[in-house]
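Asker: Sequence:
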Amino acid sequence: MKGTNIGEFQELVMLTVGMLYDDAYGVAIQDEIKKQTNRKVTLSTIHAALNRLEDKGLLVSRLGGATEERGGRPKRLFKITAYGRQVLEQSRAMRNRMWELIPCVAWDKM
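One point on numbering: in this note's numbering, the residue at position 84 of the sequence shown is 84, and numbering is uninterrupted.
Because the hints were derived from the structure by calculation, they are not lab data. Predicted model, so just to flag it, every value in this text is computed and none were measured. Note that CB positions come from ideal geometry on N, CA and C, so glycine has one too. There may be inaccurate statements among the hints.
Said to hold, decoys possible - Taking lysine-lysine pairs in the DSS-like style, the calculated list, with each CA pair at most 27 Å apart, reads:
1) 75 x 40
2) 75 x 34
3) 75 x 35
4) 79 x 56
5) 79 x 40
6) 35 x 79
7) 34 x 79
8) 56 x 75
9) 34 x 56
10) 56 x 40
As the list claims (entries may be wrong) - Each pair of labels, with its calculated beta carbon distance range:
11) 5 x 31: 43 to 51 Å
12) 86 x 34: 23 to 31 Å
13) 98 x 4: 30 to 38 Å
Working from the sequences, and respecting the hints, build out all of it.
Answerer: Listed below in structure tokens is the structure:
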């Protein structure tokens, strides 16, 4: 899947999946994004991003155990794939490289 680009929100979702590690499911991801960024995001938006990222091969999911609090339904847990990690690392490297190319005087002019 050469050349797969991810948008800012997809990157945010992937980073959150990484942060949550073994407990990365829709509601937990939604709560953590709110906590870390103060952005309110709907659960359907989270699920749409998770599905797209899984389709791209950047995430994989598995069903966790069913719980009473969820009416006996299992959680769908997500994990970053090796390819997903590679894409995140490329994104970070590109961002860092571009930040380093901004001349100091550019900040003084603002």
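Asker: Check whether the Cα positions of residue 34 and residue 56 lie no farther apart than 27 Å.
Answerer: 25 Å, holds
Asker: Just tell me: holds or violated, for the beta carbon distance of residue 98 and residue 4 against 30 to 38 Å?
Answerer: 19 Å, violated
Asker: When you check the alpha-carbon spacing of residue 56 and residue 75, does it fall within 27 Å?
Answerer: Roughly 21 Å separates the two Cα atoms, so the pair holds.
Asker: Go ahead and decide if the range 23 to 31 Å is satisfied by the Cβ distance of residue 86 to residue 34.
Answerer: 28 Å, holds
Asker: Holds or violated: residue 35 with residue 79, Cα cutoff 27 Å?
Answerer: 20 Å, holds
Asker: Check whether the Cα positions of residue 79 and residue 56 lie no farther apart than 27 Å.
Answerer: Holds, at roughly 13 Å.
Asker: When you check the alpha-carbon spacing of residue 79 and residue 40, does it fall within 27 Å?
Answerer: Satisfied, since the Cα-Cα distance of roughly 22 Å is no more than 27 Å.
Asker: Check whether the Cα positions of residue 75 and residue 40 lie no farther apart than 27 Å.
Answerer: This hinted pair holds, its Cα atoms lying about 21 Å apart.
Asker: Tell me if the straight-line CA distance from residue 75 to residue 35 falls inside 27 Å.
Answerer: 21 Å, holds
Asker: Is it true that the CA of residue 56 sits at most 27 Å from the CA of residue 40?
Answerer: 25 Å, holds
Asker: Quickly compare the C-alpha distance for residue 75 and residue 34 to 27 Å and report which way the hint goes.
Answerer: 20 Å, holds
Asker: Please test the hint of 43 to 51 Å on the beta carbon pair from residue 5 and residue 31.
Answerer: Hint violated: Cβ distance 27 Å, outside 43 to 51 Å.
In summary, the numbered hints that this structure violates are 11, 13.
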